[in-house]
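Chains A and B, in that order, are what the protein sequence lines are. According to the working numbering, the first sequence is numbered sequentially starting from 1. According to the working numbering, the second sequence is numbered sequentially starting from 1.
No lab work stands behind these hints: they were computed from the structure. Positions of the beta carbon are idealized from the N, C-alpha and C atoms, including for glycine. Some hints here could point you the wrong way.
[Unchecked claim] Covered, in the sense of this in silico footprint (three residues per stretch, anywhere, with C-beta under 8 Å from a C-beta of chain B), are these stretches of chain A:
no., segment
1, 28–34
2, 43–50
3, 96–108
Each chain is listed here by its residues.
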Amino acid sequence: SQQGEEDPQALSIQEGENATMNCSYKTSINNLQWYRQNSGRGLVHLILIRSNEREKHSGRLRVTLDTSKKSSSLLITASRAADTASYFCATVWDYKLSFGAGTTVTVRA
Amino acid sequence: DVKVTQSSRYLVKRTGEKVFLECVQDMDHENMFWYRQDPGLGLRLIYFSYDVKMKEKGDIPEGYSVSREKKERFSLILESASTNQTSMYLCASSFEGRKAFFGQGTRLTVV
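Hey, can you work out the whole structure from these sequences and the hints?
In structure tokens, the structure reads:
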């Protein structure tokens with residue numbers, strides 16, 4: 001079974017709005033990572049948050065981690081058309097990298 | 001530029017054929033992974049490797065095997081391809097659980 005589950009499965013927003021997606025996982029982690037996948041292409045790493053961190057920022061991205069609830073969220077602020085993609089959370093435990101089913105984000109112009 | 005290269009973007013194979021998917025990375029990473037990606041199911045881990053000649057089963061290893069004879073190369077083998085193995089296959093590498101780098105994927109169709 002998969003480690004992570006993203007919510008919602010799909011999200012449609014207007015350009016300039018914020019997009020928030022959530023990830024829940026089942027077991028212990030060393031870190032949690034978020035990736036983006038543009039249609040038909042490989043995944044690109046966005047951000048990594050370690051298990052002892054609660055929040056991290058990178059540009060327009062903000063990630064939170066709550067290990068007591070085994071959950072994480074990814075916020076993309078001031079979205080752009082180029083943010084249209086699928087977003088995946090991935091957990092790492094003992095170097096094993098496990099993914100969820102992803103959230104598909106559509107940003108409307 | 002760091003690179004993970006998968007040998008083919010598209011493959012069409014017949015049922016029962018033995019299929020080899022090759023992945024090469026140039027970053028001297030110990031950890032390498034094979035996933036399959038299907039609509040609505042995200043990425044499911046087939047096998048991963050901690051180091052040369054070391055491998056661990058992922059979540060869906062049935063029908064697959066792997067080989068890692070050299071650090072830079074991780075091969076996925078479909079012993080006898082079946083139509084339910086039609087999928088997108090993604091290879092990745094990482095160092096000590098840090099960010100992973102992905103290849104562009106191989107879209108395999110088994111007919």
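- Counting residues of the segment 43–50 of chain A with a beta carbon closer than 8 Å to any beta carbon of chain B, are there 3 or more? holds (count 4)
- Message: Is the listed coverage of the segment 28–34 of chain A by chain B valid when you require three or more residues with a beta carbon under 8 Å from a beta carbon of that chain?
- Response: Result for this restraint: holds, n = 3.
- According to a criterion of three or more residues whose C-beta lies within less than 8 Å of a C-beta of chain B, is the segment 96–108 of chain A covered? It holds: at least three residues are needed, and the segment 96–108 of chain A offers 7 whose Cβ sits within less than 8 Å of chain B.
In this structure, every one of the numbered hints holds.
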